[in-house]
Amino acid sequence: MKIAIASQGNTLNHNIDLQFGHCAFFVIYDKDSGGMEISVNPFRDSPKKAGLQAVKWLASQNIKTLIAGDFGPKVQPLLDQLSIQLIVLKKPDTRIQDIINLLNQQ
Amino acid sequence: MPRIKTPRKLSGLPAIKGFRPYGPDIDKQATAIVLHFEEYEAFKLCDYEGLNHSAAARLMQVSRPTFTRIYASARNKIAQAFAQGLAIEVEGGTVYFDSNWFQCNFCGCYFNQLDPAQPVEACPLCGKKHFQQMEEAELTNMQIN
Numbered sequence: 001m002k003i004a005i006a007s008q009g010n011t012l013n014h015n016i017d018l019q020f021g022h023c024a025f026f027v028i029y030d031k032d033s034g035g036m037e038i039s040v041n042p043f044r045d046s047p048k049k050a051g052l053q054a055v056k057w058l059a060s061q062n063i064k065t066l067i068a069g070d071f072g073p074k075v076q077p078l079l080d081q082l083s084i085q086l087i088v089l090k091k092p093d094t095r096i097q098d099i100i101n102l103l104n105q106q
Numbered sequence: 001m002p003r004i005k006t007p008r009k010l011s012g013l014p015a016i017k018g019f020r021p022y023g024p025d026i027d028k029q030a031t032a033i034v035l036h037f038e039e040y041e042a043f044k045l046c047d048y049e050g051l052n053h054s055a056a057a058r059l060m061q062v063s064r065p066t067f068t069r070i071y072a073s074a075r076n077k078i079a080q081a082f083a084q085g086l087a088i089e090v091e092g093g094t095v096y097f098d099s100n101w102f103q104c105n106f107c108g109c110y111f112n113q114l115d116p117a118q119p120v121e122a123c124p125l126c127g128k129k130h131f132q133q134m135e136e137a138e139l140t141n142m143q144i145n
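Chains C and D, in that order, give the protein sequences. With my numbering applied, the first sequence corresponds to residues 1 to 106, in that order. With my numbering applied, the second sequence corresponds to residues 1 to 145, in that order.
Chain D with its partners taken away, still in its complex shape (with noise of 0.2 angstroms):
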């Protein structure tokens, strides 16, 4: 049996869901190519921010050798959709986000909120606004993250 992929950390979705190809001689009906989440996420680290591969890795919480190999196959990928014309399709993969835990003082309860750009406006229980963000540390003992 193989090994349990390790998953990967994205700091947010994709701005889109793929690309498709346009000209004369593009195959419409060719099968697309998929690029999974965390491909994605290491070619945008790399060649968009700019980062270094072990600077990366950290940020996805992989090795710098599996960066490497996500990022290896991330190229090889958009490489193959751009020299054969072929759609990408952005999807799948091995990952968890970067997704923050909030207290709520009324009730009690512990919550996440999925997309970081979305400010977090009231406890989704209560509907009380008096929340507060948890720390990393709080989260180990607890166990949830």
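Only chain C is shown next, with the shape it has when bound in the complex (with noise of 0.2 angstroms):
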């Protein structure tokens, strides 16, 4: 199952982004064989529709779970369309190594 996380950097000692769409990174983690990729968000400087160009962008990688610090309301829709799950965050000192130590630990 992949993982996305919204990311303020492209270390996993960064914190989460609290926005969604115009988060700098995207942290794709690879729940089942533990391999990980971030990459850049490629719509993060977009003025308009950045998070639903990224859920696009997401969906198309087979991403089925999302986790940030919060979601705009066009985002959501799009979201249920795909069956993409949300995970929302509310903590933005959380570090990304501090969330995939959590999703290890199930």
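Everything labelled a hint here was simulated from the structure, so no lab data went into it. Note that beta-carbon positions come from the ideal geometry of N, C-alpha and C, so glycine has one too. Any given hint could be a false lead.
Looking from chain C toward chain D, a few residues come up when the C-beta cut is under 8 angstroms (computed) [stated by the list, open to error]:
#1 Q19
#2 T65
#3 L86
#4 I87
#5 K91
#6 L103
Taking lysine-lysine pairs in the DSS-like style, the calculated list, with each CA pair at most 27 angstroms apart, reads [what the hints assert, rightly or not]:
#7 K5(D) <-> K17(D)
#8 K56(C) <-> K128(D)
#9 K128(D) <-> K64(C)
Dock the two chains into a complex; use the hints.
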């Protein structure tokens, strides 16, 4: 199962990004294989509809779960259609490493 | 620029992906009729569950006239498929699902469950079983739904 986490920076010591569409980086973590990939959000500087474009881009990579600090009202219907689960973590000081540790506990 | 469509709320995914006609004179190459998710839902609510238009419109979170238009379009498409011997595909549309939101008491995250038929067993983030379902009022405060 692939999980995408919105991140402020390109290392695991950076914090989770509180906005989804305009976040700086996406950390894509494959829970089954333990593989990880950090990629720049191609839509971070789009003035409009960054969230919708980011969702389509992530869906094309078979992401099943998204973790971010917050989501805009426009992306939720689209995520429901694509059956992608949302996890909202309203703690700005959480590091990406902490989230991955939590996911590995299961 | 046309006005943006209000997303229609669905109670769940359709049980089928589509229908195909059978018989000697069926043209298998003919393009299928695309029935949108909201039209399937409208048809199901009215003709299978026997609701009237205003009750069904409230369930789908649209106005009564909008619901009637969706329903009329659904009937028209189904009738067209029957009369012309065409296949029906159920897909697309401007919809969202009635997903439930939960809060985990251990890691403090909020998460949703997409399939209402499947029970929530554990928090998807930390795997703990200490979570609670959120009420509509809390969701409005959080502005996530």
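Against the structure, the hints:
no.: 1; hint: Q19; verdict: violated, 13 angstroms
no.: 2; hint: T65; verdict: holds, 6 angstroms
no.: 3; hint: L86; verdict: holds, 5 angstroms
no.: 4; hint: I87; verdict: holds, 5 angstroms
no.: 5; hint: K91; verdict: holds, 6 angstroms
no.: 6; hint: L103; verdict: holds, 7 angstroms
no.: 7; hint: K5(D) <-> K17(D); verdict: holds, 24 angstroms
no.: 8; hint: K56(C) <-> K128(D); verdict: violated, 30 angstroms
no.: 9; hint: K128(D) <-> K64(C); verdict: holds, 20 angstroms
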